[in-house]
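Asker: Take a look at the letters that make up each chain.
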Amino acid sequence: MTDYPADPILVLLEATPTGELAKSAAGLLGAASLIGTPVALAVTAAGRSQAIAEQAAAAGAERVLVVETEAVVARLSVPIADALAAAAAVVAPDAVLISNSMEGRDVAGRFAARTSAALAVDAVGLSRDAEGVIAHHSVYGGAYNVDSAATFGPLVVTVREGAVEARAEARPVAIETLEPQPSGKAAASIESFESVTATSTRPELKGATKVVSGGRGLGSAESFALVEQLADTLGAAIGASRAAVDAGYIPQSHQVGQTGVSVSPHLYVALGISGAIQHRAGMQTAKTIVAVNKDPDAPIFEVADFGVVGDVFTVVPQLISALAERKK
Amino acid sequence: MKIIVIVKEVPDTYGERKLDLETGLADRAASEPVLDEIGERALEVALSHADANEAEVVVMSMAPERAAATIRKGLAMGAASAVQVADPGLAGADLGLTARTLAAAIRKTGFDLVITGNLSTDGSGGVLPAMLAELLDVPNLTALSSVEIAADSVSGGRDSDDGTMRLSAKLPAVISITEALPDARFPNFKGIMAAKKKPFETLAAADLGIDPQDLSVAASIMTAIAEKPPRSAGVKITDEGDGGVKIAEFLVENRLA
Ligand SMILES: Cc1cc2nc3c(=O)[nH]c(=O)nc-3n(C[C@H](O)[C@H](O)[C@H](O)COP(=O)(O)OP(=O)(O)OC[C@H]3O[C@@H](n4cnc5c(N)ncnc54)[C@H](O)[C@@H]3O)c2cc1C
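Protein sequence lines, in the order shown, are assigned to chains A and B.
Using the working numbering, you'd call the opening residue of the first sequence number 1 and step up by one each time.
Using the working numbering, you'd call the opening residue of the second sequence number 1 and step up by one each time.
If you're looking for bench data, these hints aren't it; they were derived computationally from the structure.
Honestly, I wouldn't trust all of these hints.
In silico SDA-like pairs for lysine to any residue, Cα to Cα no more than 25 angstroms straight-line [what the hints assert, rightly or not]:
no., chain 1, residue 1, chain 2, residue 2
1, B, 246, A, 233
2, B, 170, B, 56
3, A, 23, B, 163
What follows is a list of derived Cβ distance ranges for each label pair [what the hints assert, rightly or not]:
no., chain 1, residue 1, chain 2, residue 2, range
4, B, 30, A, 311, 34 to 40 angstroms
5, B, 137, A, 311, 54 to 60 angstroms
6, B, 20, A, 296, 31 to 37 angstroms
7, A, 16, B, 107, 36 to 42 angstroms
8, A, 223, B, 148, 20 to 26 angstroms
9, B, 183, A, 169, 47 to 53 angstroms
10, A, 221, B, 255, 29 to 35 angstroms
11, B, 22, A, 296, 38 to 44 angstroms
C-beta: ideal position from N, C-alpha, C; glycine also.
Can you make the complete structure from the sequences, with help from the hints?
Answerer: Below, the structure written as C-alpha cells:
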C-alpha cells in the first residue's frame, strides 16, 4: 500500500506488559489528529498486534502499521527503533510522536540520532502553522512556555504523559504489516521482567485531574495511609515529595517534582510538604492548590490557593469525615 | 577499564532559574551554576567501582569555557582526568548537535563504559544516553536504579510503573542511572588539592571534526518563548479546630469535591 495520507503523523504505540494498548496512546493519537492524520506503529511479540491495532483504531489511528518480532521482548530499544525507522521510511511523516516514557525516550533518541532528525523533548502540546509542526514545552518547572520546531524534515517529539487532553475520533481498523530489516545495532539483553500486579483502582498520577500528595510531615509509612484515605475520598491519584520517597513511605514512581512526575491537575493537595522549589517545579501549574502544613512559613503557602496552618493528623481526618458526611 | 562519566553544569535548582527572553538560552548569570546532582550520582557509581577495581574514571562535559571550575569538582571528587568540549559555536546546541559532539569526544578519549544521569534538571530530555549509544553503536541500559559493573559486562535493574526489568550487556556500553542510586561523596581537602594537578583537556568542535554551523543537518530550534506570571498566594488560615471543615467547604464551593 502506498496510499498514505498527505499529512501523516507517525505515532509510536506502547503496549502494557499484559499486551494492552498503553494509556499514553490516546493522548498521542489525539495530539496527532490536531496536526495531521494519525498513522500508528505497533511493535509487539508474535500474535499480539491485532488487539493493539484495534484499540489504536478506536483511539483514532487512520492506519496501523504492525511489526511482530520476538526481539522486542529480548532486546532493549533497538528492535523498536529499527521498526520505527522502517515505518518512517514508508510513511514519510511530518512528525513522529513518541511517549516521554523510559522506553519512549530511548527509542526517540536512537531514531533521531540514526536519521539525523530534529528532536523536541517533553512536549505538553502540538500545533501546526504554515511552516510545519510546532512543539510546545513547559520548562523550568512551568515558569516558561517555549515553542520549538525543526529547521527542516520531520520533527521527532516526545510527549509528556497525560499532558494532552485532545482525543481523536474512532476509525475503522486498517492494518498493514511491515517486515523491517534488523539494523544489527548492539542492544542490551532483557534478562527478565517482573511486572507489578496492578491491583490499584486509583487513578494514575500522570495526567490525573486530582492529586493528593504527602511529604516527610507524614512521619512514617503507616501514617502515609492518611494520604491514601483522602485520595480515595476525592478519587485522586497519590503523589509524594522526594523526602517521602527517600524515607520509604511510597515508591519513587509517585514522586512529584523536578526529578519526578510533572502534573497539572485541577486540584493538588499537599500534606506535610514544605514546598521546596524542586517540588513546586512539578506541581505549580495545577489549577487549584490546597496545602496543610504546621509551619506557617512553609513555602508551599506561597503557591497555595487555600492553605491551612495545622497538623495533618487532626485536619485531614476531619476533612475526610466532612466530605464523607456530604456524600450521604 | 575506562569509564567516562558525562556531567553537566546546570542552574542550581534551589534558586530561581531564568531563561533569556531574547536568545532563549539559560541566563547563566541569574543563578548559581552547579554540577547537576544526577551527574554527581553517576560519578559516584564510577568512583565506587574504581575504589575496589582497576578502573580509570574520566569526567566529560560539553559546556562554555567558564564551566571549567564546576567540572573540576568531578576531579576533586576523585576522577582521574577531565575533558571539556568548549566552543562558542556550540552555544544553544540542540540535542542532535550535542549528541554528535559528545559521541566524537567519547570516541576520541576511548571508553569501555559511559555513565550518565537519566534526566538533567534543566533540559529534562532524558534522550541523550540513547542517542550516544546509537552513535557509538553500543547497547544502552537506561534509567537503572541498580548497577553491577563486571570486567567485561554491565547489568542492572530498571523500575517503572509496570514492573522491574533486568538488563545486561557486554562492554562497551552506555548506561544512565536514576536518583535511586546513592548520594555522591563530598570532595575533601586532599581531593581539591590533587584536582589542580590532574589532566584537564579542553577541546573545540573542530578538534572533533564537528561543524556547529552545518545547516545540512536538521536541527530543533526555539521559535517562541514567554514567561508565565508567577503564582500568587491565596487564602491562608490557621486551624482552630475546624481546618478540615474549612477545606471541605472550599473544595465544595469550587466544585472540586
Ligand atoms: C536536584 C534535586 C532534585 C530534587 N527533586 C525533587 C523532586 O522531584 N520532588 C521533591 O519533592 N523534592 C525534590 N528535591 C528535594 C527538595 O529539595 C526537598 O528536599 C523535598 O521536596 C522536601 O520534601 P518534604 O517537603 O516532604 O520534606 P520537608 O522539607 O522536610 O518538609 C516537611 C514538612 O512537613 C511539615 N510537617 C511536619 N509534621 C507535620 C504535621 N504533623 N502536620 C503538618 N505538617 C507537618 C513541616 O512543617 C515541613 O514543612 C530535589 C532536590 C534536588 C537537589
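Asker: Against each hint, give a clear statement of whether it holds in the structure.
Answerer: Now the hints, each set against the structure:
{"no.": "1", "hint": "B/246 with A/233", "result": "holds, 16 angstroms"}
{"no.": "2", "hint": "B/170 with B/56", "result": "holds, 18 angstroms"}
{"no.": "3", "hint": "A/23 with B/163", "result": "holds, 16 angstroms"}
{"no.": "4", "hint": "B/30 with A/311: 34 to 40 angstroms", "result": "holds, 38 angstroms"}
{"no.": "5", "hint": "B/137 with A/311: 54 to 60 angstroms", "result": "holds, 58 angstroms"}
{"no.": "6", "hint": "B/20 with A/296: 31 to 37 angstroms", "result": "holds, 36 angstroms"}
{"no.": "7", "hint": "A/16 with B/107: 36 to 42 angstroms", "result": "holds, 38 angstroms"}
{"no.": "8", "hint": "A/223 with B/148: 20 to 26 angstroms", "result": "violated, 35 angstroms"}
{"no.": "9", "hint": "B/183 with A/169: 47 to 53 angstroms", "result": "holds, 50 angstroms"}
{"no.": "10", "hint": "A/221 with B/255: 29 to 35 angstroms", "result": "holds, 33 angstroms"}
{"no.": "11", "hint": "B/22 with A/296: 38 to 44 angstroms", "result": "holds, 40 angstroms"}
When held up to the earlier numbered hints, the structure conflicts with hint 8 and nothing else.
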